[in-house]
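Given the sequences, and given the hints that come with them, work out the whole structure.
Count the sequence shown with mature numbering (1 follows the signal peptide of the UniProt record, and there is no 0) and you get residues -26 to -1, 1 to 480, in order.
The hints are simulated quantities; they were obtained by calculation from the structure and are not laboratory data. None of the values given here were measured: they were computed from a predicted structure. Treat each hint with caution, since some may be false.
As the list claims (entries may be wrong) - Subject to a maximum C-alpha distance of 30 Å in a straight line, what follows is the list of computed DSSO-like cross-link-like pairs (lysine-lysine):
(1) Lys168 <-> Lys317
(2) Lys168 <-> Lys152
(3) Lys414 <-> Lys478
(4) Lys373 <-> Lys361
(5) Lys168 <-> Lys125
(6) Lys373 <-> Lys317
(7) Lys423 <-> Lys361
(8) Lys237 <-> Lys211
(9) Lys423 <-> Lys412
(10) Lys317 <-> Lys300
(11) Lys237 <-> Lys317
(12) Lys6 <-> Lys423
(13) Lys236 <-> Lys302
(14) Lys368 <-> Lys317
(15) Lys293 <-> Lys237
(16) Lys361 <-> Lys317
(17) Lys412 <-> Lys361
(18) Lys125 <-> Lys414
(19) Lys300 <-> Lys237
(20) Lys412 <-> Lys373
(21) Lys211 <-> Lys302
(22) Lys300 <-> Lys6
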Amino acid sequence: MKTFVRKALLSACVSALLLSSTVSYADSRKLKSDIVALETGMVVTHPVMAVELLPAVGKELIVLGAQNNQRVLQIYTNNSAREYVKAREILVPDSLQRFDVSQYQEGINQQIYFLSSDTLFLFNPSAVNPFENVANVSTTMPNKNSDYLAKDDFLFDDNSDGVAEVLIQSFNQVSVLKFSDKGLLKRDYPIAAKATINGEVVTYRPPEILMEDLNFDGLDDLIELQNGQISYYAQTKDALFSQQPNIVPLKADFLIDEWWNKKDADGRTLDQSNLSLRRIEHFEDLNNDDIPDLIVVKTTSTGALDRNNDYEIHLGHKKANTLSFKDKPDAVLTADGTLGGLKMVDIDNDNRKEMMLSGIDIGVSQIISALVSGSVDQDIYLFGMNKDNSFSSKPILNKETELSFSINSGTAGNALAQLADFNGDGLKDLVLSSGDTKLKVFFANTSSKRFERISKSLSVDIPGQGDDVTTADIDNDGIDELLLKYSRLDEPELQSKVLLIKPKNG
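See the structure below:
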C-alpha cells in the first residue's frame, strides 16, 4: 500500500512539474506588448502614418478616414501621460486628389503636400486654413473632384537639406519645383506620361522616375527608366537638373511595362500560353558600393495557371565614370510558386539590402481549395547577400502564412509580412500573421540563419489587408511599433479603430 501511495505521489509530482513547465514555456513564447486602441469615430480609409509634424516630442499619428460622406484627417499626439489623444480634426476638400509625406530626418519636421488637378498645397495643421496654396501646376488629373485621396510619391530631397522638392507629372512633361529663401524655382523636363490604349479608353500613368547618382559626382540625378535604356538628367549646382539627358544602354529586352499592360498587334493582351519577357522591377544600390544595381523580373508562362517569375540581379559597374551592366545576371532568385510583392529591406543595418518576396501557387487545385476555404497559402521568402556581396540564389528564410478574400464583397486580402525592430537591438525582426487572431514574431539574430527558429506570438485581430499594417519608431526609442487599421474584409466594429502595438520584450 505504501509503495502504491509513493508511486501515486511521484506520478502527481511529475505531472505537476510537466504542467508547470508547459505553462512556463507557453508564457515565455508570448510577446508582451502594450496595445492602445484609438476609436476614431469614422471609417479609417488609409494606413496610419507616423509623421514628425509638430514641435512636440515624438511622432504624431495621421489618420485619414470618411465620416458623413466627407473626408477627414485626424492628428493624434502623445501627451505627458504617454497617451495618444486627438489634437485636431480637419475636413479634407474633395478637390484634393493626391498627397505625399517628405522623408524623415532626425530633428527636422516633415512636410505633407496635397495635389489638386491644378494646385499644389502645403499642409500646415496649425493654420486657420491648413491647406496653403504654394504653386499652380499642370497635372494628368483633369477632374476637379476625386472619389479617393491617393497616397503618391512625388516628394524627394535631392540635397538632404530637409526641404522637400516636388515632382509634378503632366501629360507631356515633368516639372521639378524647388522651394528656397529666394522663392520658387521651377524647371521642366520632356518626360511624358505613359498612355495605355484599351479600346476606346486611354489610361495615363506616370513614368518610372527615380533619384540616383549615375555620373558619380556625389549628386543624385533625375532618372527615367525606359525600355532598353536609362535616361537621366544630371544634377547641377543649383540643386536642379540639366536640360540635356544622358543615356545608359541596357539590354533591348529590359522593359518597363507589366506584361498585362502590353498588347499584341490586334490590340489584345499577350498570349499567356507562350509568354516570355523581362521587366525592370527595381533600381537601387544593393551591395553598398555606391553604384546602382538592377533587379529584373523574368516572367515565363505556358498558360494562365502556369506562370513563373525569376528575379535576376544585375550589379552595376563603374567604368570611366559611366554606369554599365553585364548582359548575364549576377544572380537569379527562384522559389516555389509565382513570386511577387518585392520589398527591399536592411535587416542588420549594414547598408546591404535583403529582398523579401511572396510566392503563391495558382494551380487548379489551389483555386478550388481557395474558393472553399476563403484563403490561400502564401510563402514568404527572404533572400540575402553572401560575404562576397553576391545574392544567394536560394532563400535564407521561408515561412508560410495565408491571404484571405471575400467573394461576396469582391475584395482580396493579403497576408501581414513586415520587418521591424521589436527589441531595440538594431536588427529587423520578421512579423507574420497566423490566422485571423495571432501575430508571430521571429526575432533576428547574428547567426547564419538570421532569425530565431521559434517565434513569439501575440493575440490580436489581424487586418484582412496586411498592407494596412505599418511600422514606425513613434517615440524614437529604437523600438518599432505596429499600427493597425481595418477594412471591409474585417468586422464592421473594427473599421473605425486604430491599434497601436508597443512590444515590451525580446
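Cross-check of the supplied hints:
For the hint linking Lys168 to Lys317, the alpha-carbon distance of about 24 Å falls within 30 Å, and the restraint holds. Proximity of Lys168 to Lys152 is assessed by CA-CA distance (about 24 Å); at most 30 Å being required, the pair is judged to hold. Between Lys414 and Lys478 the CA atoms are separated by roughly 15 Å; this keeps the pair inside 30 Å, and the hint holds. Restraint check for Lys373 and Lys361: satisfied, since their Cα atoms lie roughly 24 Å apart, inside the 30 Å limit.
Straight-line distance between C-alpha atoms of Lys168 and Lys125 comes to about 19 Å, which keeps the hinted pair within the 30 Å bound. At roughly 15 Å between alpha-carbon atoms, Lys373 and Lys317 fall within 30 Å of each other, so this suggested pair holds. Using a Cα cut-off of 30 Å, the hinted pair Lys423 and Lys361 holds, with the two alpha carbons roughly 14 Å apart. With a CA separation close to 42 Å, the supplied pair Lys237 and Lys211 exceeds the 30 Å bound.
Proposed proximity of Lys423 and Lys412 is supported: the alpha carbons are some 24 Å apart, at most 30 Å. Between Lys317 and Lys300 the alpha-carbon distance is near 24 Å, which keeps this suggested pair within the 30 Å criterion. For a cut-off of 30 Å, the pair hint linking Lys237 to Lys317 stands: about 28 Å separates their Cα positions. Only pairs whose Cα atoms come within 30 Å are accepted, and Lys6 paired with Lys423 is accepted, the gap being roughly 24 Å.
At most 30 Å may separate the alpha-carbon atoms for a hinted pair to count; Lys236 and Lys302 meet this at roughly 25 Å. A distance of roughly 17 Å separates the Cα atoms of Lys368 and Lys317; the hinted pair therefore holds under the 30 Å criterion. For the hint pairing Lys293 with Lys237, the CA-to-CA distance comes to about 37 Å; that exceeds 30 Å, so the pair is violated. Between Lys361 and Lys317, the direct Cα distance comes to roughly 21 Å. Compliance with the 30 Å bound is thereby established for this hinted pair.
For the hint pairing Lys412 with Lys361, the CA-to-CA distance comes to about 35 Å; that exceeds 30 Å, so the pair is violated. At most 30 Å may separate the alpha-carbon atoms for a hinted pair to count; Lys125 and Lys414 meet this at roughly 29 Å. Using a Cα cut-off of 30 Å, the hinted pair Lys300 and Lys237 holds, with the two alpha carbons roughly 29 Å apart. Taken as a hint, the Lys412 and Lys373 pair is honoured in the structure, with Cα atoms around 15 Å apart against an allowance of 30 Å.
Proximity of Lys211 to Lys302 is assessed by CA-CA distance (about 36 Å); at most 30 Å being required, the pair is judged violated. Distance hint between Lys300 and Lys6 is unfulfilled; the C-alpha atoms sit about 49 Å from each other, more than 30 Å.
Checked against the numbered hints given earlier, the structure breaks hints 8, 15, 17, 21 and 22 and satisfies all the rest.
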